[in-house]
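> Position 41 of the sequence shown, counted from 1, bears residue number 41 in the UniProt record's numbering, the numbering being contiguous throughout.
Just so you know, the hints here were simulated from the structure itself, not pulled from any lab data.
Hints should not be assumed to be uniformly reliable.
[Stated by the list, open to error] 20 Å max Cα-Cα, derived SDA-like pairs, lysine to any residue:
id: 1; residue 1: Lys-23; residue 2: Pro-43
id: 2; residue 1: Lys-66; residue 2: Leu-49
id: 3; residue 1: Lys-66; residue 2: Pro-43
id: 4; residue 1: Lys-23; residue 2: Ile-34
id: 5; residue 1: Lys-28; residue 2: Asp-8
[What the hints assert, rightly or not] Okay, the calculated beta carbon distance ranges per label pair:
id: 6; residue 1: Thr-42; residue 2: Val-17; range: 21 to 31 Å
id: 7; residue 1: Ile-41; residue 2: Arg-18; range: 44 to 54 Å
id: 8; residue 1: Asp-1; residue 2: Val-24; range: 47 to 57 Å
Computed from a prediction, not measured in an experiment: that's the story for all the values here.
Beta carbons are placed, not taken as given, at the ideal position from N, Cα and C, and that holds for glycine.
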Amino acid sequence: DTVEEGHDGRKAYYWLVRQQINKVADRKTDIWAIEQGNISITPLHTDLLNKPSPLIPDSLCSGLLKQFT
């Protein structure tokens, strides 16, 4: 990783350059799922037994919720 400094004639700028890592993602990761063209869904809380109150009324997403229960 490097930082390149330049000037466009009016002001200075800095360009951040990162190297791309050629690594195969593990099948159990979100990155692998996305690379395979899938959607990755990440829970907003980690304690599955103590869920916070939903912010969206159930009536707005009841059809979607039925598909997952």
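> Which hint numbers does the structure go against, in order from smallest to largest?
1, 5, 7, 8
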